[in-house]
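Working from the sequences, and respecting the hints, build out all of it.
Protein chains in written order, with the numbering used here: chain G, 1 to 147; chain V, 1 to 154; chain F, 1 to 777; chain L, 1 to 285.
Everything labelled a hint here was simulated from the structure, so no lab data went into it.
It should be emphasised that the depicted structure is a prediction, and the values quoted were computed from it without experimental measurement.
It is possible that part of the hints are untrue.
Stated by the list, open to error - A short, non-exhaustive set of chain L residues, derived as facing chain G with CB atoms under 8 angstroms:
#: 1; residue: S38
#: 2; residue: L41
#: 3; residue: L43
#: 4; residue: H116
#: 5; residue: D153
#: 6; residue: F155
#: 7; residue: P220
#: 8; residue: Q255
#: 9; residue: D257
Stated by the list, open to error - Calculated lysine to aspartate or glutamate pairs in the DMTMM-like style (CA-CA distance at most 20 angstroms, straight line):
#: 10; chain 1: L; residue 1: K40; chain 2: F; residue 2: D129
#: 11; chain 1: L; residue 1: K40; chain 2: V; residue 2: E17
#: 12; chain 1: G; residue 1: K81; chain 2: F; residue 2: D690
#: 13; chain 1: G; residue 1: K6; chain 2: L; residue 2: D153
#: 14; chain 1: L; residue 1: K10; chain 2: V; residue 2: D67
#: 15; chain 1: F; residue 1: K12; chain 2: V; residue 2: E82
#: 16; chain 1: L; residue 1: K88; chain 2: L; residue 2: D131
#: 17; chain 1: G; residue 1: K58; chain 2: F; residue 2: D129
#: 18; chain 1: F; residue 1: K12; chain 2: F; residue 2: E503
#: 19; chain 1: F; residue 1: K772; chain 2: L; residue 2: E256
#: 20; chain 1: G; residue 1: K35; chain 2: L; residue 2: D24
#: 21; chain 1: G; residue 1: K81; chain 2: F; residue 2: E132
#: 22; chain 1: G; residue 1: K2; chain 2: L; residue 2: E253
#: 23; chain 1: F; residue 1: K754; chain 2: F; residue 2: E447
#: 24; chain 1: G; residue 1: K2; chain 2: G; residue 2: D109
#: 25; chain 1: G; residue 1: K2; chain 2: G; residue 2: E107
#: 26; chain 1: G; residue 1: K2; chain 2: F; residue 2: D139
#: 27; chain 1: L; residue 1: K59; chain 2: V; residue 2: D67
#: 28; chain 1: L; residue 1: K59; chain 2: V; residue 2: D54
#: 29; chain 1: F; residue 1: K772; chain 2: L; residue 2: D263
#: 30; chain 1: G; residue 1: K2; chain 2: L; residue 2: D263
#: 31; chain 1: G; residue 1: K2; chain 2: F; residue 2: E691
#: 32; chain 1: F; residue 1: K488; chain 2: F; residue 2: E579
#: 33; chain 1: G; residue 1: K81; chain 2: F; residue 2: D139
#: 34; chain 1: G; residue 1: K81; chain 2: F; residue 2: E691
#: 35; chain 1: G; residue 1: K81; chain 2: F; residue 2: D129
#: 36; chain 1: G; residue 1: K58; chain 2: L; residue 2: D25
#: 37; chain 1: F; residue 1: K399; chain 2: F; residue 2: D388
#: 38; chain 1: L; residue 1: K59; chain 2: V; residue 2: E70
#: 39; chain 1: F; residue 1: K556; chain 2: F; residue 2: E623
Ideal placement from N, C-alpha and C gives every residue a C-beta, glycine not left out.
Given next are the chains, with one letter for each unit.
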Amino acid sequence: MKLTGKHTIGATVERAFELLIDPEVLARCMPGCDKLEHRADGVYDMAVSAGIGPVRGKYTGSVTLSDIQPPERYTMVVDIKGTTGFVKGQGVVELAPEGENTQISFEGDVQIGGPIAAVGQRMHAGAARLMTRQLFGAIDAEARASA
Amino acid sequence: MKIEVTVNGEHQSYDVEPRMLLVHFLRDVVGLTGTHVGCETSLCGACSVMLNGDAVKSCTILAVQADGAEITTIEGLAQNGELHPIQEGFWECHGLQCGFCTPGMIIAAHQLLERNPKPSEADIRRGIEGNLCRCTGYQHIVDAVQYASKKMTT
Amino acid sequence: MPISKSVGARIKRREDPRMIQGLAHYVDDIQLPNLLHVAILRSPYAHARINGINTDAAQNLSGVKSVVTGDDVKDVIGGIPCAATDPEGFPGIKVPHHPVLATGKVRFVGEPIVAVAATDAYIAQDALDLIEVDYEPLDAINSADAAFADGAPIIHEDWDDNMAFTWSIAGGDVDAAFAEADQVVSQRIDHQRLVPNPMETRGVVAQYLPGKDQLNLWSSTQIPHLLRTQISVMLGMAENHVRVIAPEVGGGFGCKLNVYAEEALLGHMAKYLVQPVKWIEGRRENFLHTIHGRDQTGDVELAVKNDGTILGLKYTVSADVGAYYQLLTPAIPTLTGLMLCGSYTFKNVQMNLTAAFTNKMATDAYRGAGRPEATYLIERMIDVVAHDLDLDPLEVRRKNFIGKDAFPYETGTAVAYDSGDYTAALDKALKMADYEALREQQAKLREEGRYLGIGFSTYVEICGMGPSAAMPAGGWESSTVRVDPTGKVTVLTGVSPHGQGQETTFAQLIADGLGVDIDDIRIIHGDTDTVQYGIGTFGSRATAVGGTAMVHAMGKVKDKVINIAAHLLESNPQDIVVEDNKYCVQGAPESGLTLGEIAMVAHVGVQLPEGTEPGLAESHFFEPPNFTYPFGTHIAVVEVDADTGEVEIQRYIAVDDCGNIINPLIVEGQVHGGIAQGVGQALYEEAIYDESGQMITGSFMDYALPKAHNFPRFELANTVTPSPVNPMGVKGVGEAGTIGSTPAIANAVIDALKPFGVRHIDLPLRPEKLWKLMQET
Amino acid sequence: MTPFDYHAPKTLRSAMRLVQAFGDDAKVLAGGHSLIPSMKLRLAAPSVVIDLGGIAGLKRVTAGNETITIGALATHYAVESHRLLPSKCSLLPETAAEIGDAQVRNRGTVGGSIAHADPAADWPATMLALDAQFDIGGPDGERAVAASDFFVDLFITDLQPGEVLTGIRIATPPENSGGAYVKMRQSASGFALAGVAAHVTLDDAGNCASVAVGVTGVAPAAYRARAVEDALVGQGIDAVADASAHAADGVEEFQEDHHASGDYRAHLARVFTQQALSQAIERAA
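So this is what it looks like as C-alpha cells:
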C-alpha cells in the first residue's frame with residue numbers, strides 16, 4: 001500500500017530536521033510508543049502499543065533511520081510485529097521551507113500482514129495516515145512548544 | 001462466573017468463564033448443537049437464537065451477558081412434537097439444502113413474522129439479510145416464509 | 001422416463017426434518033470423551049524462511065497437551081497428495097512436496113506451521129499466541145505474471161523457475177481457420193479468484209482405538225473413500241484400519257473434494273496421543289487455507305466471418321495455481337479446454353495453458369470447476385463478436401448452434417456431446433422473457449437516460465463425471481441395495497451428498513422400482529466401514545453415476561424378487577407385475593405378495609426356487625460410458641444506475657435441460673443456488689491478495705456472498721432431452737446454474753452500457769468500475 | 001478471545017467508577033457488535049470488560065414535543081420501531097433501519113455506535129444532520145458536546161479517558177421540516193461506502209430556512225457538508241443540484257479501499273446529498 005502525505009511543522013527546516021531524527025522526540029511523539037532504544041547505527045529497538053478503534057495490540061521491532069541528508073531528507077523504515085500481525089513501512093521524508101515553517105512530505109510503502117490484514121483492510125490506509133498525522137502533529141507541537 | 005438462564009423453557013444454572021461466547025455455551029455446555037457457527041464477524045447469522053424475544057447473533061454475545069435471560073434455540077421451536085409453521089414451511093418449500101444455515105435462518109424468519117406477520121417478498125428478503133445461505137439462492141427460503149406467514153395468519 | 005408414483009413428483013425432502021429441528025449432526029456436533037481441541041498456527045507471511053520455532057511457553061501453558069511442529073511430523077506423515085501429475089498430460093510438470101506442517105519455509109499466508117492440542121478450544125488458541133517463530137521474510141509473488149517476471153523470487157527451490165506445468169489441447173486446423181477468417185476478434189479475459197465458502201467450514205474429529213489399531217476420522221468431506229485411501233497412505237496405516245465418516249456436511253461446492261493437511265495431522269495426533277482430537281476451521285482459516293477457484297487470465301482470439309460464423313478459437317492462458325497442488329489442481333483448467341467450443345459448431349480450436357506457482361492458496365475444484373471459465377469465455381466472446389460485427393448476439397448464437405439432429409456430436413476438442421436441442425431451450429427462454437418487448441423497453445428507457453441490459457448465456461456443460469479413463473481418480477460409482485426380512489430397503493451408495501438431496505431422489509427411484517413405500521427406504525452414505533468403495537459427490541455426478549449404479553443394483557434385486565414371487569405364485573417371472581406395491585401375476589392382483597413377504601422368504605431360505613441364493617442384497621459398480629452434457633439458455637435483465645453504477649437484477653430467466661427429472665423441487669433448488677453463486681462471481685466476489693501476498697478479502701467483512709435482497713424471483717423452466725448415457729436419462733444439475741449465470745449477468749451489464757461504447761469489462765462488475773466507464777465516454 | 005475480568009455494574013455511577021479505576025486496561029461493552037468481534041479475532045485484548053447492559057436507565061427513547069432523547073444503550077431497533085418517531089423525526093428510524101441487519105439492530109446500541117466512531121457508521125451522519133447533543137459523564141461531572149464537535153478523526157471522538165457517552169438529545173424538528181438518509185452499502189459488510197443524512201426546515205415560501213447535511217463513509221470522520229448547507233440556505237429545491245456538488249468540499253483525506261476509491265466516495269457523497277436533500281425537502285413541504 002502506497003502512503004503519501006504532507007504535514008507542516010512550526011519550525012525552521014534545520015530545527016524540524018533535528019526534531020525528526022531525535023530518538024527522544026520520536027519516542028514521545030510516535031503514537032503508543034512504549035520504548036525506543038538505540039541498538040546500532042541508526043537502528044532503534046521499539047515497542048509500541050498501537051491501535052485504531054477497538055483494535056489494539058502490542059508490537060515490537062525496530063525503526064531505522066538512514067540516508068540522512070540534513071536538513072533535506074532521510075529514509076525511515078518501521079518494522080514491527082505482534083500477535084495481531086505485522087507492519088512494515090518504509091518511506092522517504094523530505095523537508096522544505098514553507099515561510100517560517102517547514103513542509104514535510106512523505107512517500108512510502110506500507111505492508112500489513114497477519115490477522116489484521118485479513119479483516120481490517122478498509123481501515124489500513126486510514127489508519128496508516130492517521131498514525132503519520134499523529135506523529136507529525138506531535139512533532140509539530142513539540143516544535144511550537146520549544147520555539 | 002455463575003449465570004442463570006432459561007433455555008427452551010428450562011431453567012438452568014452454570015458456571016462459565018467470562019470470555020465464553022453464548023453460542024459456545026449453548027452448544028458445548030448446554031449441549032444444544034442445532035445452533036451453528038459459520039463466521040467470526042457477525043455476518044452469516046447461522047448462530048441466531050432468540051434472546052428475551054429478540055433474534056440475536058449468539059456468536060457476538062458473551063454467555064455472561066445472557067445472565068437471567070430467556071433463550072429459545074432451534075430445538076425449542078417445535079411444540080409437543082408439532083413442527084413450528086416456519087419449520088413446516090422450510091420443509092414444504094425445500095427451503096434448505098445442506099441445512100447448516102437453516103436453524104439461524106428459521107430464527108431470523110421467526111423474528112420477522114413476529115414483527116410483520118404478512119411481509120411482502122421484499123420485506124422477507126430484507127428481513128433475512130443478516131443470514132447467508134450458499135446453497136438455495138434464497139428463493140425457496142422466501143417461499144418458506146410466505147408459507148408460514150399464510151399459515152400463521154389464517 | 002414416465003412419471004410414476006414417486007419419480008418426477010415434487011416430493012419434499014426426507015433429509016429435512018432433522019435439519020429444521022437442529023437435530024442434524026455436523027462434524028462440530030460430535031462429542032467424544034476426553035476430546036482435545038486443536039488450533040493451528042498459520043503463516044502470517046506469504047513467503048518467508050523459518051529460522052526457528054520456539055514452542056516452550058505454549059507447551060507449558062496449563063491445559064496444553066501437545067504441540068506439534070513440521071519437524072515432529074515430517075518423517076511420519078506423507079505429503080498432501082495430488083492425483084493429476086502425469087507428465088504425459090502436463091508436460092514439464094513440477095510436483096513439489098507438500099508437507100502438512102511447513103518446515104524451513106512458508107509459501108502462502110495461512111500455511112500451517114504448528115498444531116496445538118489442548119483440553120479446551122480457547123486454551124488451544126491462547127497457546128498459539130505463545131509460540132515464537134523466527135521468520136525471514138522473502139519477496140512474494142501474487143500473480144502468474146509476477147511469477148514469470150525476470151528476477152522473480154523462486155517459490156520452490158528444487159527448480160529454477162515458477163512454472164508449474166503446461167497443458168494444451170488442439171482440434172481441427174486452427175491456422176487454416178484464422179487464414180480463412182474475415183476478421184479476428186480478440187479480447188483478454190480474466191477469471192478472478194473465488195473462495196467457495198460453504199456455510200459450514202471444514203472440520204475434523206479423529207479417534208484412535210488402540211485395541212483394534214483403528215483410526216476413526218470424521219471429516220466434512222465430499223469424498224470419504226478417496227480420503228480414506230489417501231490418509232492411509234499418508235499415515236502409513238492399512239487402509240482397512242482407517243474409517244472415514246462424512247457426517248452431515250454443510251455444503252461443499254468442490255472445496256471439500258480434497259485431502260487437506262488437517263485431516264492427516266489430526267489422524268496422526270489422535271493416534272500418537274491415543275486421545276480423540278477435534279479441529280474446526282474458523283472462517284478466516286477457511287478463506288486462507290481451503291482451496292480457491294478459477295484464477296486464470298488469458299487472451300482469446302476468434303476467427304470469424306463477417307456474417308458471424310465462427311471458424312476457430314485460440315486461447316493462450318496462464319493459471320495462478322498457488323503455492324502447492326491440492327488433490328486435483330492441475331486437472332481443473334483441462335475441463336476449460338474440453339468445453340471451449342460451447343454450443344457451437346466450430347471445430348478448430350487451440351488452448352495453451354501455462355500454470356504458475358505463486359504465494360497463494362492452491363486453486364482446485366470450485367462449483368463448475370473449469371467449465372465456468374470455458375462458458376464465460378465463449379459466451380462473453382459471442383457478445384464481443386456481435387459487438388464488433390454489429391450483429392445481434394442472438395443471431396450469432398443461432399448461426400453457430402449445433403443442430404438438434406447432430407447428436408451425438410463430437411466437438412473440436414474430441415468430447416462427444418450426448419444429446420441436445422439448444423434452439424428449443426433458447427426459444428422457450430425468449431418466449432418467457434417476451435424478448436421483443438424487453439428490447440422495446442430498453443430503447444425507451446435509454447431515451448430517459450436509464451440503462452437496461454439484456455444478457456444471454458446459451459451454455460452447455462460437461463458433467464456426470466465421468467468415465468474413469470478421463471478422470472484422475474476413478475469415475476465409476478457403486479451401490480448396494482438390500483432388502484431386510486421385514487421388507488425395509490437399505491441402499492448403500494458410494495456418493496456422499498451434502499445438500500443435494502439424494503436421500504430423497506434415490507428413495508424415489510427405489511420406491512417406484514421395487515414397489516415399496518418411500519418411508520421404508522433408507523439411503524446410507526458417507527461411512528467407509530459401512531459402504532463399499534465409491535468415488536464421491538462432485539462434478540454433478542451423484543445421480544447420473546451413483547444413481548445409475550443403484551438402479552442397476554436394484555434391478556438385480558428386483559430380478560431375484562420376481563423369480564421368488566413367480567416361484568411362490570407358481571407362475572413365470574415374465575408374468576409377474578408390480579401393482580399397488582404388490583408382486584402379482586398379471587391379471588390376478590388379489591394374489592399379490594408384498595416385497596416384505598418375499599424378502600422374508602428370501603431370508604428364511606426354505607421356499608426358494610432351486611439354485612437361488614438365500615438373502616436379498618445386490619451390488620453394482622457402474623462405469624459410465626460417457627459424460628453427460630446439460631445445456632440451457634439463461635437470460636438476465638439488469639438495470640445499471642447511471643448515477644452510482646449499481647446493478648439491479650430485474651429479471652432472471654433460466655431454461656435448463658438436465659435430461660429427465662426425478663424431483664423437480666430439488667432440481668429447482670439446485671438451479672437457484674447455482675444461479676446465485678454465478679451471480680456472486682459476476683457482481684460481488686473476488687479473492688484479492690495484495691502485493692505482499694496478504695489476502696485482504698479474508699472475511700465476510702470484505703468478501704461478499706450474495707444476500708437474499710440481491711435477487712429477483714428467478715423464472716425457471718426446463719426442456720427435457722434425455723441423456724442416452726444412463727438408463728434414467730438424467731444428466732445432472734448441480735453446477736449448471738453457476739456455469740450458465742455468470743456470462744448472462746456479464747453480458748446483460750455490458751449490454752446496458754452499450755451506449756457508452758463498452759465492449760468488455762472484467763468481473764466482478766463492481767459499481768465503481770461501471771461508474772468510471774460511464775464517466776469516460 | 002483472551003481472558004478478562006467482567007464487570008456488570010447496575011448503575012451509571014458504579015460504571016463510571018469502574019471505568020475510571022481500570023483506565024486503559026478496560027473496555028466498555030454496550031451492544032458489543034464492534035468490541036466482541038475484535039476480541040474474538042484477538043485484535044483487542046482488554047483485561048477488563050465493563051458491561052453497561054445492566055443499566056436500565058440508559059435504554060430509553062422518548063419523543064417529546066421539544067426534545068427527543070435516546071439513551072446511549074437504546075438499541076438501533078428501539079429507534080427503528082419507536083411508535084412516535086416516524087411522525088416526530090422520521091430520519092431517526094429511517095437511519096436505524098439501514099444499519100446492519102435485524103439481529104444486529106436488536107443488539108447494537110446507538111450510543112455504542114456513536115462512541116465507536118467508525119468512519120463508515122450510519123449514525124454519525126444523521127446525528128450531524130440533526131445537530132444532536134451528546135451527554136457525557138466523566139470524572140469531572142457531566143458535559144454536553146454537539147455532534148459537530150464530537151467526531152474528530154478515524155475512530156477518535158471528543159470522549160476523554162474515563163468518560164462515557166450516556167445519551168443523545170435532539171431538538172424535536174418543527175412541522176415544516178423533513179429529513180432523509182441515503183446510503184450505498186458495501187456489498188459484504190453493509191457498512192456505508194458513502195451515506196448522507198440531510199435535514200431541512202422550510203420557510204413559508206418553501207425555501208430552506210435551515211439545512212444540515214451529515215456525510216459518513218467518505219472521510220476519516222463523519223462531517224457536516226457546510227458548503228452544501230451554505231449554498232442552499234434561503235433557496236428552494238431548484239438549488240439542490242448545484243449545492244450538492246459541494247458535498248465533498250474541504251475533505252483532505254478520503255477513505256479508500258478495494259471496494260471504493262476516494263474519488264468514487266466523493267462522487268457518491270454528491271449524488272446522495274442531492275437525493276437526500278430532495279427527499280428531505282419533499283417531506284418537509
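Comparing the hints with the structure gives:
no. : hint            : result
1   : S38             : 4 angstroms, holds
2   : L41             : 6 angstroms, holds
3   : L43             : 4 angstroms, holds
4   : H116            : 6 angstroms, holds
5   : D153            : 6 angstroms, holds
6   : F155            : 3 angstroms, holds
7   : P220            : 5 angstroms, holds
8   : Q255            : 6 angstroms, holds
9   : D257            : 4 angstroms, holds
10  : L:K40 - F:D129  : 13 angstroms, holds
11  : L:K40 - V:E17   : 14 angstroms, holds
12  : G:K81 - F:D690  : 18 angstroms, holds
13  : G:K6 - L:D153   : 17 angstroms, holds
14  : L:K10 - V:D67   : 13 angstroms, holds
15  : F:K12 - V:E82   : 17 angstroms, holds
16  : L:K88 - L:D131  : 15 angstroms, holds
17  : G:K58 - F:D129  : 12 angstroms, holds
18  : F:K12 - F:E503  : 11 angstroms, holds
19  : F:K772 - L:E256 : 15 angstroms, holds
20  : G:K35 - L:D24   : 18 angstroms, holds
21  : G:K81 - F:E132  : 11 angstroms, holds
22  : G:K2 - L:E253   : 14 angstroms, holds
23  : F:K754 - F:E447 : 13 angstroms, holds
24  : G:K2 - G:D109   : 5 angstroms, holds
25  : G:K2 - G:E107   : 8 angstroms, holds
26  : G:K2 - F:D139   : 17 angstroms, holds
27  : L:K59 - V:D67   : 18 angstroms, holds
28  : L:K59 - V:D54   : 15 angstroms, holds
29  : F:K772 - L:D263 : 10 angstroms, holds
30  : G:K2 - L:D263   : 16 angstroms, holds
31  : G:K2 - F:E691   : 11 angstroms, holds
32  : F:K488 - F:E579 : 18 angstroms, holds
33  : G:K81 - F:D139  : 17 angstroms, holds
34  : G:K81 - F:E691  : 19 angstroms, holds
35  : G:K81 - F:D129  : 12 angstroms, holds
36  : G:K58 - L:D25   : 13 angstroms, holds
37  : F:K399 - F:D388 : 16 angstroms, holds
38  : L:K59 - V:E70   : 19 angstroms, holds
39  : F:K556 - F:E623 : 16 angstroms, holds
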